[in-house]
Amino acid sequence: MIKLTINGQEIELEKPVTVLEAARQAGIKIPTLCYFEGLRPFGGCRLCLVEVEKLPKLQTACTLMAADGMVVKTETDQIRAARKAMLEFLLINHPLDCPVCDKAGECELQDLVAEYGPEAGRFTEGKRQHPESFDDPIIVRNMERCVLCTRCTRMCDDLQGAYAITVTGRGNHSFVEPFSGGRYNCEYCGNCLTVCPVGAIMSRLHRHSYRPWYVEREVETTCGHCGVGCTMVMQLRENTIIRTIPRMGLGLNNGLLCVRGRFGYDFPESRERLTTPLVRKDGDLKPVSWEEALDFVATRLKEIKNDTGAESIGGIASPRCSNEDNYMLQKLIRFVIGSNNIDSVARNFYLPALRYLEGIFGQGITANLIPGIANSDGVFVLGGDPTRINPILGLQIRSAHRNGARVIMLGPPGGLMRFLNYRLTPGIEGQEVVLSAIVTGLLEKKELKDSKGNIAELLKSLKRPTDDDLASLGISPDTISSVVDDLSGMDTPVVVIGPEVALSPRPSKMLFLAGVVSHLTNARIFLLSEKPNFQGLIDMGCLPEMLPGARPIDLEMFRHKIEETTGLKVPEKPGLNIYQMVEGALSGSLKALYIMGENPLFNMPDRKKTEKALQSLDFLVVQDIFLTETAKLADVVLPASAWSEKEGTFTNLERRIQKINQGRTLDGTMPDWEILASIVERLGGGEKYSGVEAVWNEINTVSPLHTGLTYSEISRGRAIFPYHGEPLRGVEQEFRVEGLDSFSEERKGLITIIQERPLYHSGTTSRKSKALMSIYPEAKLLLSTHTAEELGVKEGESVELRTEYGFVFLKVKIDDTLPDRSIRLSNIFETGNFMELVSYRIDEFTGIPKPAYGSFTISGRGE
13 MIKLTINGQE IELEKPVTVL EAARQAGIKI PTLCYFEGLR PFGGCRLCLV
63 EVEKLPKLQT ACTLMAADGM VVKTETDQIR AARKAMLEFL LINHPLDCPV
113 CDKAGECELQ DLVAEYGPEA GRFTEGKRQH PESFDDPIIV RNMERCVLCT
163 RCTRMCDDLQ GAYAITVTGR GNHSFVEPFS GGRYNCEYCG NCLTVCPVGA
213 IMSRLHRHSY RPWYVEREVE TTCGHCGVGC TMVMQLRENT IIRTIPRMGL
263 GLNNGLLCVR GRFGYDFPES RERLTTPLVR KDGDLKPVSW EEALDFVATR
313 LKEIKNDTGA ESIGGIASPR CSNEDNYMLQ KLIRFVIGSN NIDSVARNFY
363 LPALRYLEGI FGQGITANLI PGIANSDGVF VLGGDPTRIN PILGLQIRSA
413 HRNGARVIML GPPGGLMRFL NYRLTPGIEG QEVVLSAIVT GLLEKKELKD
463 SKGNIAELLK SLKRPTDDDL ASLGISPDTI SSVVDDLSGM DTPVVVIGPE
513 VALSPRPSKM LFLAGVVSHL TNARIFLLSE KPNFQGLIDM GCLPEMLPGA
563 RPIDLEMFRH KIEETTGLKV PEKPGLNIYQ MVEGALSGSL KALYIMGENP
613 LFNMPDRKKT EKALQSLDFL VVQDIFLTET AKLADVVLPA SAWSEKEGTF
663 TNLERRIQKI NQGRTLDGTM PDWEILASIV ERLGGGEKYS GVEAVWNEIN
713 TVSPLHTGLT YSEISRGRAI FPYHGEPLRG VEQEFRVEGL DSFSEERKGL
763 ITIIQERPLY HSGTTSRKSK ALMSIYPEAK LLLSTHTAEE LGVKEGESVE
813 LRTEYGFVFL KVKIDDTLPD RSIRLSNIFE TGNFMELVSY RIDEFTGIPK
863 PAYGSFTISG RGE
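Each number in the numbering used here comes from the position in the sequence shown (counting from 1) with 12 added on.
Derived by calculation from the structure, the hints in this document are not laboratory data. The structure displayed is predicted, hence computed values, not measured ones.
Derived DSS-like pairs: lysine-lysine, alpha-carbon spacing no greater than 30 Å straight-line: (1) K573 - K585; (2) K15 - K27; (3) K624 - K317; (4) K620 - K644; (5) K472 - K457; (6) K41 - K27; (7) K780 - K624; (8) K700 - K671; (9) K314 - K585; (10) K825 - K862; (11) K621 - K823; (12) K780 - K862; (13) K782 - K644; (14) K760 - K792.
Given only the sequences and the hints, what does the whole structure look like? Please build it.
Written out as structure tokens, the structure is:
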């Protein structure tokens, strides 16, 4: 216990902290300018000077550690004079352009000068001149205002790990500049904007159009871009989101945001938003009233059910919609209509991967807390770049490395490049060889604790790669030995699995072996989630084989409980998944489809087949915020409220349930759950709900996983798995693994087409964001120098890439962090997308739809 006295107040500390932190714990204010919570102390601004008894001169409170018996004074004439002098020095070159500075009203320098002076400056020399920089599409730099507190560079280095900016020059000629010299070569997290105390680094999005006092309301909510679930604050004026900001101590992101969360909030305000229901008449979509649209939908669904049966109707749920939205869709399709044909694009990877891992290790195996990654002593990553798919989770891996953890990456390094101890980059087809080598090495060092016995039995057939097998992939056997040694010596490791596992020739083998690594090393597993509510829609029962609470539909006890609670019949026969629904539409057995917040024509492989299937339906309803490619084919289009316009909950990849809160409104739209509830009511499925909380209250009575969990507890951040409910126990799930005794020859020696997941986008909605499109405006074809030479293409060249399923036009971008013999393109933009080029083959072991194509051609266009 450390005891010290500050301003006559005795303070007891349980652990060593700085004098500044000790004072703040006691509620004593000490002014600062260069200090920021979470950053390493700098001691440069000298505004936190304090007097310490028996020390001959003033001390900086942000760097001085509190000691037992220390006596400190924070407000004396000497201290106030020193602070006034320091501020006068800072103002020598400051332009004092507060009336036109966007920071006015929340400028820390402005506040400090108002409190400590000086009233007027005594220096008459000319101020330094440095032109304002507009080289960047998002960030404006005004170095005349900079006070060189280095908060921004420390944020970029210490917490973000991007190392994109630095202090250049010396003395009076020191400035903060991008390493690239012009446009920021960075990740556009905008966290430097958060920490800048003055107006030196500002956003262009609201330049000269915003002042802090314009903010009329602040609404705390959860980000709607990816599966991490960062907490942010929407600042609103009238009905417009002025900006979104993080706050220290708020949410698992703790004061940090990524580019999508910081700048991608504007897509709901796009002029392309749907604001009136549309019904197809005489071949065209025509505006109608809500009453007419809802009556028509209910009537047609009832007619089709009566004519061809409930099993001829299906629904597609959305990972962008809330738990309440998804529950209501499955209630409509399953409980009211009587069909288990409900699924989502989570089927592309997250759902089958989760179910496969849970089938081996039990429900909740991936329910681990993201902030704990930073305290792990080792991280093993495979299947994608976390810093791009789930950026804030990626920052935790960077932080773990800075804390001494060993980081191993199987695949292209991406944003983890400078944080890796081992970079293993064979092609997709070679990753199973490397992973097999790691597991066989671990089995020699670690005891396999297998209560079921089937894991050990399966591993008996695992083939050990030879040194030649590894050498052919550019991997040294010594490197594998070092990886194995490090993994076997870890006490608190983490395994991170991403969606590129779906591209492997044998996804079951990759998932099984990754699970074995976790099992042998007692590691926590994290499954990367590209969308905000993949986990939630699964827990809400938006699967053809599972009920709410992720209970198997073929177990009568679970069906019976729901029937008792709701008074509605639950069909017992498992339904069709999303790919089977496509086949059903083509065969004529599926007559109607209700799609909520999803664009399957864009997000599923084999677009021509999907389009033909949708056109074959007798009745297609699309409920969305934009007139998407899929919505253009619909018989009815219902305009829904966006993420920022409704209340509800998301469940993130940790299985943490968090509130989303309404910030703005848009006339003519309705929350998804309310639209569905109106149709349910018209079909006799229950009375009208009083609000979204009433929907949640029904969920916590229907789902054994959410029993008794209230909105109040969720709002207080207490909704951590397994909540008050009961995880699924004692239900054996068979699992099989493909090819443990061999290595796949599929596409061996061939160039592979891979889906790229850019940091700056999170799907088709992000292309409606002006800010994100200004940073990353078009699709690109990414490949290494060697692969470019092999294909005869050059940086910046426009090329045509063609397979038997389609073709795209793209500009070439060289990226030598990628392995040779692979080319990558995203699935974001209106043209030039991955899904235009591939079909699929359902993996019989996991159910993952593996992208499939034969050969391809690439040719220049002479541009």
